[in-house]
Every structure is written in structure tokens, then in C-alpha cells.
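*Asks:* Single-letter residue listing:
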Amino acid sequence: MAGVTRSLKVELGGMPLATPVMVAAGCAGTGREWAGLVDVHKVGAIVSRTVTLIARKGTPTPRVSESPSGVVWESGLQNPGIEAFVDEELPRLARPGTPVVVSIGGTTMEEYVRLTSILQGRQGVSAIEIHLSGRDDELGRELLGDRADRAAEITGAVVRMSHVPVFAKLPPVGAGLVEVATAVARAGVTGLTLCASPRALAVDAASLAPDLGSVTGWLSGPAVLPLTLRAVFDVARALPDVPIIAVGGVRDGDDAVQLLLAGAWAVQVGTAALIDPIAPVEVAQGVARYLKNKGLASPNDIRARLRVPAGFDPPEEEARP
Amino acid sequence: MKRVRAEVLSARRLGEYQSLTIVAPEIAERARPGQFVGVRMPDDREFLLRRNFAIHQASRRGGWAGTVEFCFEPHGPGTALLGEVKAHEFLEVIGPLGKGFAYPKKLTNCLLIAEGHGAASIYFLAQELKARGKRVDMIVGASSLPSVFKPIEGKRLSQTITIMTADGSLGDRGSILDALPAMVESTATEVVYAAGPTRSLEKIAAFCRDRRLPAQVAVEERFGCGLGLCFSCVVPVARKDGTGYDNLRACIDGPVFNPARVVWDRWLAEEPQMLPTPPEGLPVVREWPG
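From first to last, the protein sequence lines stand for chains D and B. As numbered in the numbering used here, residues 1 to 321 make up the first sequence, in order. As numbered in the numbering used here, residues 1 to 290 make up the second sequence, in order.
Here chain D stands alone, though its shape is the one from the complex:
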């Protein structure tokens, strides 16, 4: 189709990206490992590994176990702590010029506030992603981000202090997701990252033992793609103006296109980038090929364009007793 200027550029609430394909948290290393393998300029953005206030050693090994079309993993957020991160790792990640989204994690409100204050005005931070899959030590709950009020409280505090766009990475909480997403959006986040990995377990039958050193873990990889699609679809219909970054199961351009059709504004590549660091670049090329074949100009032209029958309403969840 002549006359169409095709571009992969997208904008997520004020953050411009060269392509709609980012690298998910914990899959881009520390800024050194990609040397010679990936042209960083062809990646939309890099999400750092999740950083906590104080250094964490992480959980015992093994930390990864293969499952059908997926991996079950838990690393316990091994990281050097925010001070060492901003001194050493952040400048290295940011040097090539690709936007860096810093993922922050904690177990109390105070930790998130202090993390944000350290990142405030810091060079090289293009956005903040809030990791909400940790324990809530203040309220004694197993998961920080699965209830609307608590998730909104924390994201609200980070949003008020941050000078850069803030994305909340929500845990996959099924039917309650739209409620949490709505509350978090009302608290002022720039956008949502959907979803964090679902909770999982791996078992080694031969030794009658769990197959991870931490016992429990999280599921990632192509196995979770349909879960991501549904989460994005549901939230995008409820909140059409809130930028959604889809994460979970993206392996190639076709997967990314599916998520854009379901309502995502951009996607993150995680497990696929561990198997092949060049995957984020290839996913973007796949999206470009799809746009070319359809004669479209921009990823925005397919966003939320899934052809849903008129009058479709998701079935009512069964009333709880």
C-alpha cells in the first residue's frame, strides 16, 4: 500500500518507545551480559531486575524447573539493593540510550516510598514499574497486590512522589483483576503491566521433594499466554484509556499481535529473552511484518481491534455463597 509511513513507535502515557516490545523484569541482566548478542537500540525499553531497599541474596538453588511449555522459577529477588543499583547497574543499563524502567519491590509501604525517593530525579530512569507480588509484612498477607485498596494505597504513594511515569505490575487475580486495576488506575498510575507470573509449584517425584530450593515458585513461558490474553482483554474493555503493557508468554510477533488486538499498548518479553536474548528484536520485526501485510501504519491501528460480536458481555461470574 503506497503512501503509508509505517512506524513501530508507540507512546505510553508520555513515555515514547521506538518499538512496542520491551524486556520484562529480571530478564535483561545487569547491562553487561548482552554485549555482542543484542543491538539494544532495537529494543523498545528495558525493565531492570526488581530492586529492593536492602540487598537480597535470593533463595536457595535450584531456582528454575522446566514444565510443559513453561518454566517454574523463584530467585527471591536477588539484587544488590537500591543504592548499589543506582551507582553501578543503572548507568550501565541506561548508557546505550534505550529507555530503562526500574522495577521496585518491597514488603512495606515505607520501602516503596523510600525506593521512589531514591529514584526521584535520577538520570537514566525513564519510568518505574511497581512489583506487587511480594509479601505484605505490614498487614501480614501473603500477597501485596491482590486487593484493590492495598494495591491502590501503595501505587498512589509512589505516583505522588515520582517524577516519571509509573506502571503497576499486577498479580493475576482472576475475576478480581478488573476491580484491582480500576482502583490502581484511580490512584493515578500511568499504566498497568498485566500480569505478574501466576503462583506455581514444581515437584520431583523421584526424590519426593519440591523441585525448587524455595519450595514454591511462579510459572512463566508460553504456557501462560492465554491467561495474559484474558487479563488484557478484560481490563482493556473496562479501562480503554489506561495504557496496558502485556507480559506473560510472548515468544514471537504473532503472540504480540494477539495481545495488541486484545487491548495491549505494548508487550514485554521475558522467558523468550532468556532462551534467546535477541527475541525482543525478533518479536518487534514480527509485528512490523504483520502491519505490512495488513497495510497498516502503526501498532495503534490494531490495538483493541479484536472483532468481538456485538452485544458480547462476559458471562457473569457465579455468585459466591
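Everything labelled a hint here was simulated from the structure, so no lab data went into it. These numbers were taken from a predicted model, which means no experiment stands behind them. Yeah, the Cβ is synthetic: ideal placement off N, Cα and C, and Gly gets one too. Heads up, some of the hints might be wrong.
Said to hold, decoys possible - Just some of the chain D residues that point at chain B, by a computed CB distance under 10 Å:
#1 36
#2 58
#3 68
#4 69
#5 218
#6 273
#7 274
What the hints assert, rightly or not - When the alpha-carbon atoms are kept at most 27 Å apart in a straight line, the in silico DSSO-like pairs for lysine-lysine are as follows:
#8 2/B / 42/D
#9 203/B / 57/D
#10 203/B / 240/B
#11 57/D / 99/B
#12 106/B / 155/B
#13 99/B / 150/B
#14 130/B / 99/B
#15 57/D / 240/B
#16 130/B / 105/B
#17 292/D / 42/D
#18 2/B / 106/B
#19 105/B / 203/B
Got chain D; can you put chain B on it based on the hints?
*Replies:* Same frame as chain D, now just chain B:
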């Protein structure tokens, strides 16, 4: 480190092991003993992660120039698939990865210890040490005859060799550890290199610590990416100043470590310990003397 699409030149069965030789000049040129390659699964619909194998041979000259050989036991769910790969098929390979063995500068008498498939990288090391004028002696161990990796190659590469099998089907009956004290005496060992199962390496490390022998071991830990991205394959290694330990990635900071600095009882605790170790009580170790 290069990512290449490499043609398989030969696929051979060696006892319990499957050996693949691939054409990868960029990898062969840079490879050192102890380093490994990350092989992408040919059909990765179900098995996702790369399989990582120690480099057994990297030929830079002669008729096999530009080739890299690695070996594995094709019994695992994913490695069984790789065991079916035939000559002239293509594999996507990243390498060489990790830090290899360091060669001693002054010391000359090297004792190389290998158990099971650990022999693959140890034979490569023997060749490089001999090329540097070092004396190489070897202990090679396995469960039984078919699991002894290339015994004739081992004999060719070493001044003296002791082969140990658990059932006595080749060499002496017993483990590599049974042969260790006598071998250290008879060869006047100055440096120890080892590769094999972690439990054996732990015992070799304790032996070398007692005798004050400098050593290097290539460890095995379950890898996620093999590229240093995912922090899955960590090994607790004591800091040089004795202030504690760090969880270092075996794929990028290893797989070769100074065993005196590995915090073995933390790494291999019977029950995984979730609590952080206090900084005191860790060994303070002098530098690798080579």
C-alpha cells in the same frame, strides 16, 4: 561470545555418552577448557531452556579446524531429543560461555580429576596444559565401564592415569576419592583441577584445603539461561576480605571456581537454609597462586 547457526559434522555414541561435533569457527577460535556452549532445543515447543554442555574439544588447526565437540548423557527429557540429532542437521548455539580454567604460571605438576561427563572438559584442559609444558596426571572415575569417558584418550593425554569404577568393571574398584591421596603422593602434585558431581567436588575441596593444595573446580548447578541474565544458577562464594559471601552466577562468574572460597555447606545443605549466613566464620583465602 557468539550466537551461530552451526551444522552438525558428526554425531557419535561413546558408551553412555552422545558426542556432537559442530562447525563453529567463531566459537572454536575463542574456546578455553572449562567453558561451555548453550544449545537451543531443535523443537522448543515443550522444552524451552537451552541445554548447556562443557566444550570437550575446540580445533583451531588441522582437518577438523573450526569445529567444536561437546558430549552429554542423552537420558534427560530434553537431552534425549538432542541425542537424536543427526549429522548435517543444524543447531543454534551460543558460545563460548563462562570463565574457563586458569593455567598455572610457575607450578608444573598438575593432577586432573574427572568423574562422569566431567572428563569432557578435563581432557581439553589436559591438552592445553601439556601444550604449555606442564606435567599432567589424571584420575578418572565413573559408575561402570560404559560411563568411563574415552579411557584411551585419557591414557594418551596423561603421564600416569588411575581409572576408578564403582563396580570395578574398568580399573580399580572405588571412587576417585579413594585414589586421591596415593596419586597426590606419587606424582608430587602442585595443582589440582577437578570436574564432576558436586558432592565429589566438595570432598576434593576439603582434601585440597587440608593439604594446602591450590585447586580449581568446574561446578554444576541448574542453569536457566546460561547467559547471566536470570540469576538461577548461583553458587555461594566467600568474599576475598572475609566479610561474607555473594551468590555468584555459575554461568558467568564460573563455572570454574576456587573451591576454597565456595561455601560448600551452605550451598549443599541437606535442608535448604532460608536464613542469611552471618559474615563471621567464613574462610579467608589467599589468591590463586598460579
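*Asks:* Run every hint past the structure and note whether it holds.
*Replies:* Evaluation of the provided hints:
1. 36: holds (5 Å)
2. 58: holds (6 Å)
3. 68: This interface hint holds because 6 Å falls under the 10 Å limit.
4. 69: holds (6 Å)
5. 218: violated (12 Å)
6. 273: holds (7 Å)
7. 274: Hint on residue 274/D: holds, closest Cβ of chain B at ~4 Å, below 10 Å.
8. 2/B / 42/D: holds (18 Å)
9. 203/B / 57/D: holds (25 Å)
10. 203/B / 240/B: Holds, because 22 Å separates the two Cα atoms, which is no more than 27 Å.
11. 57/D / 99/B: Since the Cα atoms of residue 57/D and residue 99/B sit roughly 22 Å apart, the hinted pair holds (cutoff 27 Å).
12. 106/B / 155/B: Roughly 25 Å separates the two Cα atoms, so the pair holds.
13. 99/B / 150/B: holds (25 Å)
14. 130/B / 99/B: Answer holds: residue 130/B to residue 99/B is near 20 Å, not above 27 Å.
15. 57/D / 240/B: holds (17 Å)
16. 130/B / 105/B: Judged against 27 Å, a Cα distance of about 13 Å means the pair holds.
17. 292/D / 42/D: holds (18 Å)
18. 2/B / 106/B: violated (33 Å)
19. 105/B / 203/B: holds (26 Å)
Checked against the numbered hints given earlier, this structure breaks hints 5, 18; the rest are met.
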